[in-house]
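Participant: Here are the chains, one letter per residue:
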Amino acid sequence: MFTGKVLGGVTAAIIFGAIGTIFYFLPESGAAQLMRKAFHLGWPGGLVIVILMLYFQFGRKNDPRQGELVFKSVIGLLGYSMLFIAIANYAMNFNDESPGVPGEPRFLPVSLVMFTVACFTMAMYFKGVRVLLQIGGFMFFVAACLAGFGNWLPQVKADPPPAEEKTADVRQMSVQERADLGEKIIFGAVGASGTQGAIGKGQCPLCHGFQKGFLSERAPNLFGIPTRALERLKDPRYSQADPSKRDTVQKEACPGCGTAQTAAEYIAESHACPNCYVVAGFGVKGSNDRESPMPASHKPPIALTELRRTHRR
Amino acid sequence: MATITKQARNKIWAFLALGTFVGLLLLPLFLSLPAGAGDTPAPAASTASAAAAPADAKPVEKSRDVWYKTEGPVVGAPAPKTTDSAKDYPRYNFESRVILWVALQQHLYYGSFVLAVPIFCMIVEYLGVITKDKALSRKYDQLAYDFVKISLTAYSITALLGGIVIFTFLTLYPTFFGYLSSIFRPVMATYALLFIAESGTLYIYYYAWDKMREGFLKWIHVAMSVILNVIGTVLMMLANSWIAFMQSPAGVDADGRYLGNVWHVIHTTLWNPINVHRLLGNMAFGGGVVAAYAAYRFLTAKSDEERSHYDWMGYVAMFIGICFLIPLPFAGYWLMREVYAYRQQMGITLMGGLLAWLFIIQAVMIGALFLTANYYLWQGMDRMRGAERYQKYIKYMVFVLIMCFIVWLTPHTMVMTPAELKAMGGQQHPVLGNYGVMSAKNGAINTIITTTVLSFIIYQRANKIPTVKWAPYGNAFLFGLFTMAYVNIIWLAIYGYYIPANVRVGLSVPQVASTLSCLFIGVILNSIMLKGAKDVGPIVWGQISVRGQYALIMLATSFTWMMGLMGYIRSSVRLFWHVNEIMRDNSPWAFTHTIGFGANMISFNVLFFWLTILFVFWLGSLGVKKVPATAPVGQKVPAPAGSH
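First to last, the sequence lines map onto chains X and B.
With the numbering used here applied, the first sequence covers 1 to 313.
With the numbering used here applied, the second sequence covers 1 to 644.
In case anyone wonders, no lab produced these hints; they're calculated from the structure.
Mixed in with the good hints there might be a few duds.
[Stated by the list, open to error] When the alpha-carbon atoms are kept at most 27 Å apart in a straight line, the in silico DSSO-like pairs for lysine-lysine are as follows:
no.: 1; chain 1: X; residue 1: Lys127; chain 2: B; residue 2: Lys302
no.: 2; chain 1: B; residue 1: Lys69; chain 2: X; residue 2: Lys299
no.: 3; chain 1: X; residue 1: Lys201; chain 2: B; residue 2: Lys69
no.: 4; chain 1: B; residue 1: Lys69; chain 2: X; residue 2: Lys285
no.: 5; chain 1: X; residue 1: Lys157; chain 2: B; residue 2: Lys422
no.: 6; chain 1: B; residue 1: Lys132; chain 2: B; residue 2: Lys211
no.: 7; chain 1: B; residue 1: Lys62; chain 2: X; residue 2: Lys299
no.: 8; chain 1: X; residue 1: Lys157; chain 2: B; residue 2: Lys81
no.: 9; chain 1: X; residue 1: Lys184; chain 2: B; residue 2: Lys132
no.: 10; chain 1: X; residue 1: Lys201; chain 2: X; residue 2: Lys212
no.: 11; chain 1: B; residue 1: Lys81; chain 2: X; residue 2: Lys201
[As the list claims (entries may be wrong)] Partial chain B-side listing against chain X, Cβ under 8 Å, derived:
no.: 12; residue: Thr70
no.: 13; residue: Val74
no.: 14; residue: Ser558
no.: 15; residue: Ser603
Quick caveat, the model's predicted, so the values are computed rather than measured.
All residues carry an ideal CB built from backbone N, CA and C; glycine is no exception.
With these hints in hand, go ahead and build the complete structure from the sequences.
Facilitator: Laid out in structure tokens, this is it:
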């Protein structure tokens, strides 16, 4: 009933109509800006196609293929327009994700969809390069799906920690200020402790859960640690009276340091010497809980400065 | 004096050429020997030297290797502490890292391709030499020649891109590149020499093809392909040592000072896992690209002969690619295991932290790859009469694959806002969360691979009926093998829910053993059973649906995308370090991009690569010899898959 030509013609008419409508009614909209940018980038090629179309229409009146050639010019112009709108989308929305830079990279897969549509549309009418266009269109389609999926997922941008952080003397800080600093070291920002995935220079939440009920398979959940620390001290494996009797790869945080006597000291010791006491079931595989997988917080890869660790004690 | 025949002269030249290649291959190793001697201290630190030194000479400073923990003499400067300045990070109004990303990725794509294709070429040429059927032998030979021809143009582009990468490094990251080259100076020199050896070997290999077509010279030619691939593989391993050093440095002290042992900086803890993973990945990728080339030629073919040839070529390339895809997850597992052993934080950042969502994308892609490979095999059954006997089983396999695919891509935990967390009642979804755990995923991926093996076995016997006397026992054994494998895999997946995580990790071993048993025992037994089997009908090469060819293109595009993705993940895990924990990245682009940005960049790289490789294909097609019309359409043409 409908030939390919009719369908193509109707599609082209609808698209050109939509473009005209956007320019007329929404001249300042994002779509209109995109098309203006596309025109700015691709007008010479478009002009060549229009000239060709006019030539086919008026210069080859006796050619039996005149109608087909004019029609193909229209389809070519349509494909070319989509191509440049897609490129304009890249030009306008690509950025390096620095704060304040204009553009929204999440729109970029739309360009891939437009490339796909342009390729398949043109493949319908340009038989000489049909296979190449179809293969290209298919590849664009696969890439569009994958890029679209990547952009649909939750987006997290991770900034590096400051190279040299200047912190006031913790001994002069109030309790609240110390707590805020601790939250910043552990979770990256004050107030971030309730957000899952929030992580700071200390990297603790990589393995430890901090809220009640948070999954914590790799290392003990630290919710309620001030209370539980006292229980740990009483554990025979902790060997509070004599560190040399500990069945661990490291007996003391430093020679002669002894063992913790308070909950705060226990937490401090755990940071400086994770091997001194390993909670049952959380040791390095095969070590029979004699060795902890946690690195000492003052050494790489965590490498907290003395000031930060002082604060944490 | 006896006159030397032309053939004997050729042989002498061939031996001389071979000797030269071997010499070229070994030369760099000899050159690097004094610098790399295992754990032996460098001469400067030796006792003898110290004793001979004048009393007022400055004592040699020693320091401790960050990884090997051995003492060594400090012979290098500390890693530079860069600042966000034009001196350390010159810029051109664009993110320098993105420019480098594109250059490196393109170089890697082409590098992988030109390393993989000669390996294909070697395998196919060897098959041609050992095949007794003359027509088939010529067909293999032509195929190998076509392969190397494509890679020749790609080789030039690889070299060009390598130059671009060096210039990009020098102009955008001069301080970092200076530091890296100060440590890897002997390695880089060796690399350059090997590159020359590789180029020479490749060109001689290609241009001597016709001259060395017959007899003993052909064997020399095949031997040359072995040498070519040895050089190529060593080249890849040397390049890998640079990225492995950046990720898990060794051979330097905590300040980044080189301690004089070049073997330590090469042989970092992640070097070998990366080598194995990359080699397998390159092969799978190369298979994908060649299969896409064959699909392109198939779809544009003008005659049945051409269609027949390129259908066969696509099948062979796909077959080789899939052979290397199957062990790839296991190599990946080893790599991740080593990453965890090196730095648990790094492993968690990858699999459970910042980059975990990228692994969800990877999971989707692996699932899609296996689905596509199965789809291609099922489409390929159209070529064979008798295959209709097995069509009724396909729907069940589709069901199994889809179910496993869904489990495989279910995330474990998700990054959520507190409100979302509260609404869901915890980190894991009450129902779907049960499928996001490793126990279920291990079961799912092993079932997917086992089902793919089953598809292949069905494909192998699609047009055959085994005639060996023990066929009923063989069939019963195969049935039992697959049944036991499925039961074992699924049972262990369920059992994993009831035991602690550290014990559960060990369950992957028997699961993988089941999968590999099906792969090796199943395929080998099936091939033996099909020797002398009764043909129900011939394989009519060329009679595959267009959809089958698009499956090949899908495979190729997915391989390319996945390579880009995995490379991005591996590189991103260093976070804000040029060299992990040794040299910090203080450029404005030290942050880690969002997943979306990464996905956009990967897509750009993939499409850019395919645009340029299409140009290479076009160049390759300009001088393609006429396809040998030795195998009329419909004639049986065995392929290296046992029966096909």
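Participant: Hints first: check each against the structure and report whether it holds.
Facilitator: Structure-based check of each hint:
1. X:Lys127 - B:Lys302: The given pair, whose Cα atoms are some 14 Å apart, holds under the 27 Å limit.
2. B:Lys69 - X:Lys299: holds, 15 Å
3. X:Lys201 - B:Lys69: holds, 26 Å
4. B:Lys69 - X:Lys285: holds, 22 Å
5. X:Lys157 - B:Lys422: With Cα atoms ~23 Å apart, Lys157 (chain X) and Lys422 (chain B) stay inside 27 Å; holds.
6. B:Lys132 - B:Lys211: holds, 21 Å
7. B:Lys62 - X:Lys299: holds, 20 Å
8. X:Lys157 - B:Lys81: Distance ~24 Å between Lys157 (chain X) and Lys81 (chain B) Cα, so the pair holds.
9. X:Lys184 - B:Lys132: violated, 73 Å
10. X:Lys201 - X:Lys212: holds, 22 Å
11. B:Lys81 - X:Lys201: holds, 19 Å
12. Thr70: violated, 18 Å
13. Val74: violated, 19 Å
14. Ser558: Check passed: Cβ of Ser558 (chain B) comes within 7 Å of chain X, closer than 8 Å.
15. Ser603: Cβ of Ser603 (chain B) sits 4 Å from chain X, so the hint holds.
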